[in-house]
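2 protein chains.
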Amino acid sequence: MKIYKKSLAEMKKIVVRYTTQTTDLQIEKQVAEIIENVRAKGDEAVKSYEKKFDGVDLDELRISNNQLEEAYQSISPELKDALKLAEKNIKNYHEMELQHGFVDAAQPGIIRGQKVTPLERVGLYVPGGTAAYPSTILMNALPAKIAGVDEIVMVTPPQKDGIAPAVLAAAKIAGVTAVYQIGGAQAIAALAYGTESVPRVNKIVGPGNIFVATAKKQVFGQVAIDMVAGPSEIGILADETATPYQLAADLLSQAEHDKRARAILITNNEELATAVSDEVEKQLAVLPRKAIAEVAIKDRGFIAIMDSVPEMFALMNEVAPEHLEVQLADPMQYLSSIRNAGSVFLGKYASEPLGDYVAGPNHVLPTGGTAKFSSPLGVYDFVKKTSFIQFSKEALQKDLKAITTLARTEGLEAHARAVESRFKGDAK
Amino acid sequence: MKIYKKSLAEMKKIVVRYTTQTTDLQIEKQVAEIIENVRAKGDEAVKSYEKKFDGVDLDELRISNNQLEEAYQSISPELKDALKLAEKNIKNYHEMELQHGFVDAAQPGIIRGQKVTPLERVGLYVPGGTAAYPSTILMNALPAKIAGVDEIVMVTPPQKDGIAPAVLAAAKIAGVTAVYQIGGAQAIAALAYGTESVPRVNKIVGPGNIFVATAKKQVFGQVAIDMVAGPSEIGILADETATPYQLAADLLSQAEHDKRARAILITNNEELATAVSDEVEKQLAVLPRKAIAEVAIKDRGFIAIMDSVPEMFALMNEVAPEHLEVQLADPMQYLSSIRNAGSVFLGKYASEPLGDYVAGPNHVLPTGGTAKFSSPLGVYDFVKKTSFIQFSKEALQKDLKAITTLARTEGLEAHARAVESRFKGDAK
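Line order of the protein sequences matches chains X and C. For our numbering, count along the first sequence from 1 and bump the result up by 6. For our numbering, count along the second sequence from 1 and bump the result up by 6.
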């Protein structure tokens, strides 16, 4: 792996290079056409795109509940147990995210509050092929369930040999309402605008390739979307107490996801840097997904040697990684030093894949530096808030002058008159 | 006003027509060019666009703190008092929105939690000209302040006679860090990517015209944005206990904002419908912003007569209005019947403009049916969450089999090996 030994200022510039995003106008245009077509022609358009892009001739878009049940029965007891353990811990973690409304009646004649309401219907995108992850279904559907969403509609690209049983079993365990075997921009369009078979949803969540991400961005406003997810990332902060071959293994666990994945180690120990770099080479050699991981490590991976622990955190907060491992002595003490990260793994035994599967926190996380302003997917993504007020005549009277002054300053005479109409003599 | 007396199913179709959004590809392209130019040329590009679009030759983009102070000193005592009352109530309402992290240590050897961190720097867009609203500045900046945001950067289009003192005074009261006299898509681009004078922010909030909304949509992903705001809306549910001239006044208070504003009354009382329609005509005739309000009422306003109160709510939930007035007897009982609305005004004295100014809840609200999935602007928009976990060796051991089973099912061998590396004999 590339090893840098530069100042914090120089390293921050290198990090910025790694987070720059670009827009592909060709893809933007293609996706806009797909969306327009699905809006206009519904199922017919969706089917023709599935034939074109996935090479599958679809008769029925929906996967029957029988098929889900069969898939669930067909998976191994080990996998069933693993999915159920994940379900249990995802549930008990996400229940802590539940939000409640509030009410305030401290001022005479005034009631002010906020109510929290679940979304009615939500769409989940689950990538197909080699990226068909049952764990992702649990991570997306369970928070929506806990939020109280009525219907969860899942879409996933059709496969020539049928959708993987593990994916369908996970959909059943997660309590998904309906599964449609459609993918790509056409699936996003169907969820956003509805077709004869696919119901229109209020929000679309879940990761996807560049076509899915572009389509989500284009339907944003028509429906809500979660963040536009990019390639996986891991950032590790480590000192001399860490074990090089464990760090190397964790770096590779993200590198194997995608050629554009990002694996970064920041340390204050030069010896550790060299040892981890050597270990990465050694472990890469015997990795099934070597072809992918090697490109990620070479193109976007690096090790940075910094002078001090505060500098290590300063640089890592600039990276704002999706996953952050803190492999330092007494790691919990650094919780307040972490400003920007999706999910944090503290100490030697919190290896990143633990968080991908069974620990409980969500694995749908902000990438590409968006942890500076975005949160993990959570129960809060499946509710919305509504404020409310009720005033007595006396309470409104007290505020009357301030309201009319502001309204008239803003040139909004009808605003002032509306409030004044409450004090006309003949008002009921 | 148009009066409909149709079935719920027929009315729902009419409502859908009113919420359909369209994309203007010409504007999309123009905005993309502006953003590209500002990214490439910084201040120089921003200044040239300000000259072109706002007809103003700018030397300095930033408004000095002295100018803010002078503006504050120059406004009337009435306006100062009104702004301060608004500030006080916005603060004490939004403090109730503050969120806290959590920690869970219920399982042996396992710590799981979530921390809440304010965004570092936020951009506020404040429209110029006739839409230069001091109240909007308070509504945008105060929640960010309460969230703990370090820097609040405000942008507002330059005016030939200088920015309105009320706007600058509000910026001072709200505690804005810096004000730049730039507007349109070029201001959004400057906030998203930074220029020599304008600092790059993590999130952009605030309403704006179609160029601003399109630019916000295009920079989404690079930075976070609030919802893309459309024209104002009011929906009123009223029965025979309501007063027609008050309802008419409230409908006009939103109609005067924009020719595309939407004012809707849903009632179960035919007499009331006719009386409100007559009152709207009467009050329109003597309204300063008649030219705007008249178009809004004619093009997009309507009154619907429904058979029952449940039907009235069913239709209004389909409308999902930005502002919802419940002018029914004993209005608080209907709180649970409201599913989709930005802000709710209960009873005769909760006239909508009260909420625009001094009641406390935010007036930046979801429009165009987006209340189905979006919330009012709030303190929660200026923080982000980070999950964290710490596991003991024993706790990881318990989950080992489930993790490796799931990892290998998903074809991610490096994930399985990373966790297994914690149990190798020679691990420190």
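Accuracy of the hints is not assured; some may be wrong.
No copy labels: a pair is met if it fits in one copy or bridges any two.
Below, simulated DSS-like cross-link-like pairs (lysine-lysine); rule was C-alpha separation at most 30 Å, straight line [claimed, not checked]:
| id | residue 1 | residue 2 |
| --- | --- | --- |
| 1 | K223 | K47 |
| 2 | K399 | K288 |
| 3 | K94 | K407 |
| 4 | K399 | K296 |
| 5 | K58 | K35 |
| 6 | K35 | K223 |
| 7 | K35 | K11 |
| 8 | K97 | K12 |
| 9 | K19 | K430 |
Treat the hints as calculated values from the structure; they're not laboratory data.
Identical-chain pair category, K399 with K288, by Cα at 30 Å: Between copies only: 25 Å across, 77 Å inside.
At most 30 Å between alpha carbons: which applies to K58 and K35, within, between, both or neither? Both ways: K58 and K35 sit 17 Å apart in one copy and 28 Å across, limit 30 Å.
Please work out whether the CA atoms of K35 and K11 approach to 30 Å or closer within one copy, between two copies, in both situations, or in neither? Answer is neither: 43 Å inside a copy and 43 Å across each miss the 30 Å cutoff.
At most 30 Å between C-alpha atoms: does K35 with K223 qualify within a copy, between copies, both, or neither? both (13 Å within a copy, 16 Å between copies)
When Cα atoms must be at most 30 Å apart, do K399 and K296 count as within-copy, between-copy, both, or neither? between (73 Å within a copy, 28 Å between copies)
Between copies, within a copy, both or neither: which fits K97 and K12 at Cα up to 30 Å? neither (44 Å within a copy, 45 Å between copies)
Please sort K223 with K47 into within, between, both or neither, judging by C-alpha distance up to 30 Å. both (21 Å within a copy, 26 Å between copies)
Are the CA atoms of K94 and K407 at most 30 Å apart within a copy, between copies, both, or neither? Between. Shortest inter-copy distance 16 Å satisfies the 30 Å Cα cut-off; intra-copy 56 Å does not.
Within, between, both or neither: how does the pair K19, K430 come out at a Cα-Cα threshold of 30 Å? neither (65 Å within a copy, 38 Å between copies)
The structure is inconsistent with the numbered hints 7, 8 and 9, although it conforms to all the rest.
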